[in-house]
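Novice: Below are the chains, spelled out letter by letter.
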Amino acid sequence: MSTMSTREKTWWIIAGIAIVIYALFPIAWIVSLSLKAPADISNGQFLPTIFTWENYELILAGDAAELFLPALVNSFGICLIATALACILSMFAAYAIARLDFPGKKIILSTALAVAIFPVISIVTPLFNLWRQIGLYDTWPGLIIPYLSLTLPISIWTMSAFFREIPWEMEQAAQVDGATSWQAFRKVIVPLAAPGVFTTAIIAFFLAWNDFVYGISLTSTSAARPVPAALGLFSGASQFEDPTGAIAAAAVIVTIPVIILVLLFQRRIVAGLTNGAVKG
Amino acid sequence: MASVEMRNIVKKYGDGYPAVNDVSLDIADGEFMILVGPSGCGKSTLLRMVVGLEDITSGDMIIGGKRVNDLAPRERNLAMVFQNYALYPHLTVFENIAFPLRLQKVPDDEVRRRVNEAAEVLELKEHLERKPANLSGGQRQRVAMGRAIVRDAEVFLFDEPLSNLDAKLRGQMRTEIARLQRRLGITTIYVTHDQTEAMTLGDRVCVLRKGVVQQVASPRELYEQPANLFVAGFIGSPPMNFLPASVSGGRVRFPFGEFTLDERRAAAVGDRDLVLVGVRPEYFEDAKLVDDAKRDRGITFTARVDVTEWLGDAQFAYIPFEAPEEIVNQLRDLSRELDSDQLRTQAVVSIDASSRMREGHEAEFWMDTRKVHVFDPKTGENLTRDAEAGAELTRMAAEEREAQVAEARGAAAAAS
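Just so you know, the protein sequences line up as chains G and B, in that order.
Convert by adding 47 to the 1-based position in the first sequence; the result is the number in this note's numbering.
Convert by adding 11 to the 1-based position in the second sequence; the result is the number in this note's numbering.
Mixed in with the good hints there might be a few duds.
Keeping only pairs whose Cα atoms sit at most 30 Å apart, straight-line, the calculated DSSO-like set for lysine-lysine is [as the list claims (entries may be wrong)]:
#1 153/G to 234/G
#2 221/B to 389/B
#3 221/B to 23/B
#4 77/B to 136/B
#5 23/B to 389/B
#6 299/B to 234/G
#7 221/B to 382/B
#8 116/B to 136/B
#9 234/G to 382/B
#10 152/G to 389/B
#11 221/B to 77/B
#12 305/B to 234/G
#13 56/G to 152/G
#14 153/G to 389/B
#15 389/B to 305/B
Far from chain G, some chain B residues (derived; all Cβ distances over 10 Å) [said to hold, decoys possible]:
#16 75
#17 83
#18 323
Think of the hints as simulated: they come from the structure by calculation, not from any bench.
Remember, it's a predicted structure, so these values are computed and weren't measured experimentally.
The beta carbon of each residue, even a glycine, is placed where N, CA and C say it ideally should be.
When you get a sec, could you build the whole thing from the sequences and use the hints?
Specialist: What follows is the structure, encoded as structure tokens:
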């Protein structure tokens, strides 16, 4: 970078700022909306004339709280469980795919890819019927299972890429040192794959967290309804009033955990833990 | 500590190609055995079969009197240093060295004592709390060795441990490994493609070519009495010169003149139209600088010097010679197989550094004919190999080693 001229540098900075503004503008808008009073919403200005916490009060303590708070709990619970399951299952699957030679390896990977790109909307109706008949409709497991179909394929793909990066000698060294295959996996491979596991977990969590179609179709009460579905059910104070402010406030609250997650783990995601494992 | 016996070991891969073919090798308790050969000769595969990372297609691997073919690596109690060290990057140096002990569930203070001991030997004391990523190449190498010596392994295995270090460090670590092995007296198998390591470290050296053992002998025997063309060309640097010649009645005619073989060698060779005469570079000398006492033991000849290389302590001269096409092709194949790339048929001769021979001019050389070997160009067999003299050299090396091991164990016993 030292060879870059001042001119070039300025251009990079300008371009960077432009991209950041472009990406963050909608979020800023949502935040601004969430701080506007109902009368202020369509005033045509970016900033509210009076800053108000009214919308947040409405969804956290007011009328909409009954709808929003249980949904928040549901979303967290369901997404965390789905992520944890996806991580554990995909860790074993990816290890096998990266390390072992077995027939059907290609089929597993391509099936996983096929599942990942399969349109959710086309299986939601049959699933709705099936779930109602076997009693999974409107329950946590009823959402966790379809969420696994979203999170598992991508987890297997990212994780097997990470496992392939780990030098095989690590594991062989562990075996020569007296470890069983399981010990080598647990004490050497898993710690080395930790950045991969974190990355995978975050991607999986986002996928589950952002789902709307399953959430709205497979639930009917606050027993299992996740936040994105609950947002769609907000209503205004009267039928002539849009709940825009409340939705914006809820959207901001829903975004916060995601941002925290990324900020918390970005070091781990980026860290190349295998540095120094081999010759340098 | 244990002996290692290999009985007719074969390794075939899926395509049926034998990477290791019918290798039988006995390695005595406390012996330092080198497996050497050009890349692709099966030396690493053989080592990995010893440690259990590679399945054995057929044959018996016996360690300490026990057949280990079907045992997992962890049940064989061997310690191995990998080419790229394979240190655990998420653990500190201390925990890296302690790793095998932790797996054996050794109590904490015992672990601390033994790791500290190993760190003392390897001068790693001040680095124990660091991560491998922050160490230099030589330090990583020592950590890998620490992990090997911390436990009471039956055999040490090294897989080209020095190939990732720069030349200077390699020399240091080489002496370090030699010192350590003598001190601990543990049976060691060491794989390398570097013949300097092979010659300096090994009690015995096993030369492999395409998965087949060519010769197992002490470094001196390999050098003085090579079994065939391959071993002769592989051991020694610069390599042995091979010159086409014909022999009749013990009289050898070769591009630089004629000389007579002694009775034993003449009888062994007989009369042949085409042989290869193997002469090491140091058997040559600038004729002007030869001692008169020595002059009678060789012949003198004149030849045109193509290039000279003056290195301060030594000097090499290159002398081109003519050879029949089949010999040229064969020598080219051989040098390709030995990973060297000698393009023309020329003899490399070592002359005194003070010699003022001039490039592109005729010069007079002297050649010591006493140690010249004669090879059959078809089979590559060394026709003049003196098996008894060779065996004597290896026997002497074995005696030396036994004395050293006894000394090391005596010292260890006295220390404890």
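Novice: Could you run down the list of hints and mark each one as holding or not?
Specialist: Quick rundown of the hints versus the structure:
1. 153/G to 234/G: Status holds; Cα separation ~28 Å.
2. 221/B to 389/B: At roughly 18 Å apart (the allowed maximum being 30 Å), residue 389/B and residue 221/B satisfy the hint.
3. 221/B to 23/B: holds, 12 Å
4. 77/B to 136/B: The hint is violated at about 37 Å.
5. 23/B to 389/B: Since the Cα atoms of residue 23/B and residue 389/B sit roughly 27 Å apart, the hinted pair holds (cutoff 30 Å).
6. 299/B to 234/G: This hinted pair is violated, its Cα atoms lying about 69 Å apart.
7. 221/B to 382/B: holds, 28 Å
8. 116/B to 136/B: Answer holds: residue 116/B to residue 136/B is near 23 Å, not above 30 Å.
9. 234/G to 382/B: violated, 57 Å
10. 152/G to 389/B: Distance ~49 Å between residue 152/G and residue 389/B Cα, so the pair is violated.
11. 221/B to 77/B: Roughly 28 Å between the alpha carbons, so the hint for residue 221/B and residue 77/B holds.
12. 305/B to 234/G: violated, 66 Å
13. 56/G to 152/G: Judged against 30 Å, a Cα distance of about 47 Å means the pair is violated.
14. 153/G to 389/B: The given pair, whose Cα atoms are some 49 Å apart, is violated under the 30 Å limit.
15. 389/B to 305/B: violated, 34 Å
16. 75: holds, 16 Å
17. 83: violated, 7 Å
18. 323: holds, 32 Å
Hint compliance for this structure: hints 4, 6, 9, 10, 12, 13, 14, 15, 17 are broken, all remaining hints hold.
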